[in-house]
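Student: Sequence:
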Amino acid sequence: HLLMQKYIRLQCKHLAIHLTIIILLDGPQYTENSTMKYEVYLAYSNSYTILSPIIRAIEGSEYSHIGIFITPGEPTDDSMLIESTISRNGVNISTLRAFKERSSGWKITRLHFQIDDFDKLRYFALLEEGKKYDLTGVIGLGFKRDWQENDRWWCTELVAYILLNLGFKVTESNNVHKIGTKNCQDW
Numbered sequence: 001h002l003l004m005q006k007y008i009r010l011q012c013k014h015l016a017i018h019l020t021i022i023i024l025l026d027g028p029q030y031t032e033n034s035t036m037k038y039e040v041y042l043a044y045s046n047s048y049t050i051l052s053p054i055i056r057a058i059e060g061s062e063y064s065h066i067g068i069f070i071t072p073g074e075p076t077d078d079s080m081l082i083e084s085t086i087s088r089n090g091v092n093i094s095t096l097r098a099f100k101e102r103s104s105g106w107k108i109t110r111l112h113f114q115i116d117d118f119d120k121l122r123y124f125a126l127l128e129e130g131k132k133y134d135l136t137g138v139i140g141l142g143f144k145r146d147w148q149e150n151d152r153w154w155c156t157e158l159v160a161y162i163l164l165n166l167g168f169k170v171t172e173s174n175n176v177h178k179i180g181t182k183n184c185q186d187w
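Using the numbering used here, the first residue of the sequence shown is number 1, and each one after it goes up by one.
Hint data in this document are derived by calculation from the structure and do not stem from the laboratory.
Incorrect hints may appear among the rest.
Result set (DSBU-like, lysine-lysine): computed pairs, CA atoms no more than 35 Å apart in a straight line [said to hold, decoys possible]:
| id | residue 1 | residue 2 |
| --- | --- | --- |
| 1 | Lys107 | Lys182 |
| 2 | Lys132 | Lys182 |
| 3 | Lys169 | Lys132 |
| 4 | Lys37 | Lys169 |
| 5 | Lys131 | Lys107 |
| 6 | Lys178 | Lys107 |
| 7 | Lys37 | Lys100 |
| 8 | Lys100 | Lys131 |
| 9 | Lys178 | Lys120 |
| 10 | Lys100 | Lys182 |
| 11 | Lys120 | Lys37 |
| 12 | Lys182 | Lys131 |
| 13 | Lys182 | Lys169 |
| 14 | Lys132 | Lys178 |
Quick list of simulated restraints, FRET-style, between CB atoms [as the list claims (entries may be wrong)]:
| id | residue 1 | residue 2 | range |
| --- | --- | --- | --- |
| 15 | Glu101 | Lys132 | 22 to 30 Å |
| 16 | Lys182 | Ile86 | 15 to 23 Å |
| 17 | Ser173 | Phe113 | 16 to 24 Å |
| 18 | Ile58 | Asp78 | 17 to 25 Å |
| 19 | Lys37 | Gly60 | 26 to 34 Å |
| 20 | Asn89 | Glu172 | 31 to 39 Å |
| 21 | Thr49 | Gly167 | 29 to 37 Å |
| 22 | Glu101 | Ser173 | 21 to 29 Å |
| 23 | Thr35 | Arg88 | 17 to 25 Å |
| 24 | Asp78 | Gly130 | 19 to 27 Å |
| 25 | Lys37 | Ile58 | 32 to 40 Å |
For every residue, glycine included, the Cβ atom is placed at its ideal position computed from N, Cα and C.
Taking the hints into account, I'd like the entire structure generated from these sequences.
Tutor: Set out below in structure tokens:
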């Protein structure tokens, strides 16, 4: 029985307040001595923008974008994921349905990696919500340069950062600032 949740967002632009409230509707069923394992799912896509084929060509990858699910269980159209996009000006939460509507092609994968604490995944993801898109970092990635900005994320960098904090080995060096979509497809 997996954890279900509902996200409520309250924003007041005049006061610069951004609050995400998580209401737990149902909790995992386990005893103190048992351990639950959660699957980790990623969503890949291509967009209708001119950058999508450019990123795929530079990276040699099938997809130009990635997000990570922050709702446990096998993804459905109502599942929530976090992603960083230029078009949405950085790190945002969306449903799989909205993700697919913005895509010219997409797929979902399950990592060969399980976690004990899904709240930890959600914690690291929600800490980054609202941060800006790291355009200079992603341009630097194309030129094999480290031009990343510490307070901004591009999509693959964000997903790698979250996974690294969960104990997943993202690359040999674990440098999240040098991760492209091709690296993610190899997971």
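Student: Now tell me, hint by hint, if it's right for this structure.
Tutor: Verification of the supplied hints:
no.: 1; hint: Lys107 x Lys182; verdict: holds, 14 Å
no.: 2; hint: Lys132 x Lys182; verdict: holds, 23 Å
no.: 3; hint: Lys169 x Lys132; verdict: holds, 25 Å
no.: 4; hint: Lys37 x Lys169; verdict: holds, 18 Å
no.: 5; hint: Lys131 x Lys107; verdict: holds, 25 Å
no.: 6; hint: Lys178 x Lys107; verdict: holds, 23 Å
no.: 7; hint: Lys37 x Lys100; verdict: holds, 27 Å
no.: 8; hint: Lys100 x Lys131; verdict: holds, 22 Å
no.: 9; hint: Lys178 x Lys120; verdict: holds, 24 Å
no.: 10; hint: Lys100 x Lys182; verdict: holds, 20 Å
no.: 11; hint: Lys120 x Lys37; verdict: holds, 13 Å
no.: 12; hint: Lys182 x Lys131; verdict: holds, 24 Å
no.: 13; hint: Lys182 x Lys169; verdict: holds, 15 Å
no.: 14; hint: Lys132 x Lys178; verdict: holds, 18 Å
no.: 15; hint: Glu101 x Lys132: 22 to 30 Å; verdict: holds, 23 Å
no.: 16; hint: Lys182 x Ile86: 15 to 23 Å; verdict: holds, 19 Å
no.: 17; hint: Ser173 x Phe113: 16 to 24 Å; verdict: holds, 18 Å
no.: 18; hint: Ile58 x Asp78: 17 to 25 Å; verdict: violated, 34 Å
no.: 19; hint: Lys37 x Gly60: 26 to 34 Å; verdict: holds, 33 Å
no.: 20; hint: Asn89 x Glu172: 31 to 39 Å; verdict: holds, 32 Å
no.: 21; hint: Thr49 x Gly167: 29 to 37 Å; verdict: holds, 34 Å
no.: 22; hint: Glu101 x Ser173: 21 to 29 Å; verdict: violated, 36 Å
no.: 23; hint: Thr35 x Arg88: 17 to 25 Å; verdict: violated, 36 Å
no.: 24; hint: Asp78 x Gly130: 19 to 27 Å; verdict: holds, 22 Å
no.: 25; hint: Lys37 x Ile58: 32 to 40 Å; verdict: holds, 36 Å
In terms of the numbered hints stated before, the structure departs from hints 18, 22, 23, listed from lowest to highest.
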